[in-house]
Every structure is written in structure tokens, then in C-alpha cells.
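Number of protein chains: 2
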Amino acid sequence: MEHILWKNNELILLDQRRLPEKKEFISCRTPEETASAIRDMVVRGAPAIGITAAYGLALSAMLNREFDRDCRLLLDSRPTAVNLRWAVERMRKCHGKTGGNAAALAAEALKIHMEDIEMNRQMGDLGAALFQKPVTILTHCNAGALATGGYGTALGVIRSLYRQRKLKEVFADETRPYLQGARLTAFELAEAGIPHRVITDNSAGYFMAKGEIDAVITGADRIAANGDTANKIGTMVVAVLARYFKIPFYIAAPMSSFDLSLKSGAGIPIEERSRDEVAFINGKPIVPAASPVSHIGFDVTPGHLVTGFITNRGILHPPFHPDFG
Amino acid sequence: MEHILWKNNELILLDQRRLPEKKEFISCRTPEETASAIRDMVVRGAPAIGITAAYGLALSAMLNREFDRDCRLLLDSRPTAVNLRWAVERMRKCHGKTGGNAAALAAEALKIHMEDIEMNRQMGDLGAALFQKPVTILTHCNAGALATGGYGTALGVIRSLYRQRKLKEVFADETRPYLQGARLTAFELAEAGIPHRVITDNSAGYFMAKGEIDAVITGADRIAANGDTANKIGTMVVAVLARYFKIPFYIAAPMSSFDLSLKSGAGIPIEERSRDEVAFINGKPIVPAASPVSHIGFDVTPGHLVTGFITNRGILHPPFHPDFG
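For the protein sequence lines, the chains are A and B, in the order given. Taking my numbering as reference, the numbering of the first sequence is continuous, increasing by one, and the terminal residue is 325. Taking my numbering as reference, the numbering of the second sequence is continuous, increasing by one, and the terminal residue is 1325.
One or more hints might be untrue.
To be verified - Computed list of lysine-lysine pairs in BS3-like fashion (alpha-carbon distance at most 25 Å, straight line): (1) A/Lys111 x A/Lys97; (2) A/Lys263 x B/Lys1210; (3) A/Lys22 x B/Lys1284; (4) B/Lys1246 x A/Lys246; (5) A/Lys166 x A/Lys246.
As the list claims (entries may be wrong) - Listing some non-contacts, in silico: residues in chain B with all C-beta distances to chain A over 10 Å: (6) Trp1006; (7) Asn1008; (8) Ile1012; (9) Glu1024; (10) Ser1027; (11) Arg1069; (12) Arg1072; (13) Pro1079; (14) Arg1092; (15) Asn1101; (16) Ala1103; (17) Ala1104; (18) Lys1111; (19) Met1255; (20) Ile1315; (21) Asp1323.
These are computed hints drawn from the structure, not numbers from a lab. These numbers come from a predicted model, not from an experiment. All residues carry an ideal CB built from backbone N, CA and C; glycine is no exception.
Make a model of the complete structure from these sequences and hints.
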């Protein structure tokens, strides 16, 4: 199932907030609607929001709007994933070269989209080659087809492992507060018929202690030159646990997720989101009205906790050099 | 607010499943009703279920039932917390001594209850003495008044710190799947006017990395002779994080939580509970129907990760000797 579609000069997005209960699509006809869809998490996942923003800029050209203003609008929709900036810069270059030709910009957005899927397939196979015999993999959040143009980054490696009969089972952290693991990763794995189970985020340590996890693979929202990696809140927790239990911890990410302008993770902007997204589930409060809540969207995994970076150019290790991007 | 009440030969329990939305009480008139209330988590928390079981055995004597059978019934209601066994054994002794006198057994249950509150107050003050200047404490699950006869174990230390003006703030892990932190710890802290915030379990590492947490204090369900401690799932995760970030990690527990018949945590029975308790929140599914779920209730924190055990007899360190209990 495609979840980002460009059809009759309209951007159609699967509303990921409604999964797994309902498969509903919404359409974006303007850059504002596209920015709102990113901000409100109709679509999420670092590569997916980059692709979505690219289509949003194709809409801008089509409507003959002020391109720079729309670039800023889309850049501001979410702060942490660098793929958004990467895609906007690429569209900006195409806009400059083609004088803002709408058909050229739509073609460029589609190219970004298709290249992403291709990078994920390469990455999947390169990542799967890390393992010789059947393994059980733990993943956090959703770094699957839904988080990318298709196939997935961490879930792409898992798909390749499964195809090569080197996968025993996937443990999917439910990933509070948005439950991307419980809702989206489980949905993708169930659709693909890949053996899996959902666990609360709290339980990852328990299964590691029991020796049931062979490796951890997650995605990334932004990777600094020293390997520090921003990803969904809790990723660093899993990385610390993996180090404690001597389990390899891999990040799978395309080149568009690297930000080599940053020496370390200290410079990565970390998104804080609203109280209600934690304090209410399915419309009901789970926290007393009088209690404050902090809702942090991402954490930074120190580069030295990452066993290897699975990229479309191979398995890489920091420090990453500026000419690499 | 009292949450376990013995009134006119009836056991009245605050239904903790409904908090913080509603304060509803249910009554138990038989040992079966008491065992169900424990199993279904109307009341939870290691010391609290011990106290509840003691009252359940007072009901058994009152109704002139087969005492041994009721002891087994209550012992089987939940497996991990040793306080349940401790309380049942104490009631069994009283039954033997008094020939099953109903008034004596009710008095013994009340004594267990009152002693628990007194131990918590002692523990609170002993624990607070560990800190010289105002601190920010992270706690997991609910080890408060609601988890005990009153005052709380970990939250007892926090209450004492607050009274002594040595508390900056409390971070309460929401504690999936039952959300005891978001629902119960936050409820108690809000009622006491203690500064606090709720965070997703995933976020504890983020705030430790930022240097915002000075110490961790949690309760315990069962402590083995080497200090290995079973407590709510995720406690060991917090302990591993605390070690990584060089933050002291304390367990606060009364003597009734120690099981010195066990050399290590390997012998502690770990409760697994139902899929639905994870897969549904507020009546709605968060996991695809086709996806399996593992719901583990507890994990074991290795004794060497615990900076100190705050007990009513002082700050203790393993190995614990058999004559100590």
C-alpha cells in the first residue's frame, strides 16, 4: 500500500494517526495543507516528511506562489529531522535551475521519492548481510515503509532479513506517546506476514536480560558528524540497554539523514510537543488535570553506542567526513 | 484519603483502576472477592496487597471458612510481590495462636496495616537523610500511599524530603501499561501539592542526560538475598540508565518485601498478564488485531545496580543475612 501519492497534481497522504483502526487518506492541495499534515503527524518519519515537503513545493510551483516563503513554511513544520531541510534544499536547487517550472518540480519530488525507496532496498540488503544466521531484532518507533518513501530503513533491513530467511522474530517497542511501534510497525509487520510481537517500551530490558534479542535496529532523524543520532524518544534508552547487555545496536538511515554541518548531537534541535498528546489517550485523560507533563519528541544516542550505521553506501562508522554527504 | 478500610466487618477498597478520573470504592465481603480485587488490580502495590490479603483472612475467620484454603486462594492471587506471602504467614500464625478467633484476626490485620504506615514514615525520614540539599527525584510506577498502608515507600521518602524542604521536583514515569505513574503517583503528588511532572517512560534517559535528575527512588515487590529486586517492569531499565549516567539509584522497601529464602533474583516468579491490558487503552485497540503482544509485569534489577536499600531499619546493602528478616 502506497501512503504518499502524487495524483492529478494533488498530494494524497494516508492518515497515519488513524492506523491501525482505519485506512483513511487526506488530500493536500496547498503548501499550507502539506505543512499542517507534517506538523499534525498525518505523515511522520524523517524520510517521509522530506518527501512530503518536496511534493508540497511542487504544489507551490503549480500554484505560482512565493517559493521561498513556502520553503520556510515547510522547513518550520517540524524541527528535528534533517531530511526535511535536505529535501527542501534539493527542491530549491531544481527551482533555481528550471526557473520554477511546475512539471520539473513535480518530477523532482517524484525522483526524491523513488530514490528513497531505492536507497532503502540497498540499505536493507547491506544491513541483512551483517547477519549470518536467523536473528531476533528489536526495533523502536516505526522506521518502516510508512516512515519513508517505501520499504523502510530499519524495517527495510528486517524485510530483507525475512526474505533471506534470516529472521526469527521482531520485537516492536510500542513507542509512547504516539505508539508508532504498536500502531504502525506492528501494522506493517502483520501485513507482510513477518513474525513479531509488540511490547511496552519498558519491557525491552527484560527481553534483553533474558537473551532473547540478538540485535537492535532503529532509524534516525538526524546524524551528526561524530555519529550522535537524534531519533524518536527512547532510542537512546534502548542503545544504553544494548550496551549494558552487550547486544549490537545499529542505526539504518539514508544519506539524507546525515547532517555533517553538526560536529555533535548537541546542536540538534529537539522538538517538544503538547501536553495533551501524552495526557490523553483515545480522548480520555490518563493524567490528573493538575499535573504538568513534559513531552519530548526525540533523544540523542551518543555515537559511541552505535555498533554501525547501515546506509545505502554501506556500513559506516564515525567520524563522518564532510565530503561524504 | 484512606484507600484500604476495615469498617463494620467489611473490607472497603478504593478502586485504583478508576483513578484519577473517579474515586469509587468497592466492598469485599468474602476472601474470594478480596482475591479478585487483588488479581484485577482494584488494589495494587506490594505492601498494599499484603495488607488487603490480611483483611481477606479476617473475613475468612469471620465467616468460619476453611482457613488454609483461603490462605492458598489469596496467595495465588498474584505471584511476584512477597509481601502477600509475608502477610498470609503472619495471619496464619495468629490463626494458630488464637484458634481462629475472628476478632483477633481482624485486630492482627489492622496491626499489619498500621505497622506498615509506621515503617513507611521511618523509611521516609531515613531516606530523606541521604540528601543534604534540594534534589530532583525520578520515580517509576507508584510506590506511594496507594501502594502501601499509607504514606508510601519511595513516595514516603519524597514526602519526607518535601516536608524537610529538600525537594525540587519529582519526575513520574507514566509506567505503561497500567499507567500507575501517570494516574496514581501524579494523583498523590498533586493532592499533596508536591511539584512534579509526568513523563513517558521513554523520556527518563533524556532528562538524565540533561543532568536534571539527582537520584532515582523506586519501590520493590521482592528483594533476594543478593539484592536482586523484582519491581514493576521498567525499573531495571531505569537502574541501567542511572548507572550509565552515574546517578544514585535507591530502592525503598519495608522488611516485608525481602525474601531471603532466595539467593538471587533468578528464583523470583515474574507475572505475565493479558494481551488486552497492553493492546487496549480506554477500550480502544492500539495494536492491530493480528499482532501478538507480550505483557510482562515485572523485571529484576541486579543488586549491584542499587546504590542502597532504604528500609525501616536503615540504609542497607547486600548480601542480606538470613537473621535479618
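Exercise. Does the alpha-carbon distance linking A/Lys263 and B/Lys1210 stay inside the 25 Å limit?
Worked result: 18 Å, holds
For this session: Would you check the hint for B/Lys1246 and A/Lys246, treating anything up to 25 Å between C-alpha atoms as holding?
Result: Holds - the C-alpha atoms of A/Lys246 and B/Lys1246 are around 19 Å apart, at most 25 Å.
Problem set entry | Claimed clearance of chain A by B/Asp1323, with the beta carbon kept past 10 Å | B/Asp1323 clear of chain A: closest Cβ-Cβ about 31 Å, beyond 10 Å.
Exercise. So is B/Pro1079 really clear of chain A, every C-beta pair being over 10 Å apart?
Worked result: Check passes; 16 Å lies beyond 10 Å.
For this session: Report holds if the minimum CB distance from B/Asn1008 to chain A is greater than 10 Å, and violated otherwise.
Result: 31 Å, holds
Problem set entry | Least C-beta distance between B/Ala1103 and chain A, which was stated to exceed 10 Å | 39 Å, holds
Problem set entry | Interface exclusion of B/Ile1315 relative to chain A, criterion Cβ beyond 10 Å | 25 Å, holds
Exercise. Does B/Arg1069 really sit off the interface, with its C-beta more than 10 Å from all C-beta atoms of chain A?
Worked result: 34 Å, holds
Problem set entry | Non-interface claim for B/Glu1024, where every Cβ of chain A lies beyond 10 Å | 16 Å, holds
Exercise. In terms of Cβ atoms, is chain A entirely out of 10 Å range of B/Lys1111?
Worked result: With a cut-off of 10 Å, B/Lys1111 remains clear of chain A, as the shortest Cβ separation is near 33 Å.
Problem set entry | Separation of B/Ile1012 from chain A, once the least beta-carbon distance is taken, above 10 Å | 23 Å, holds
Exercise. Just checking, B/Ala1104 versus chain A, shortest CB gap more than 10 Å?
Worked result: For B/Ala1104, whose nearest Cβ neighbour in chain A is about 40 Å away, the distance exceeds 10 Å, so it holds.
Checked against the numbered hints given earlier, the structure satisfies every one of them.
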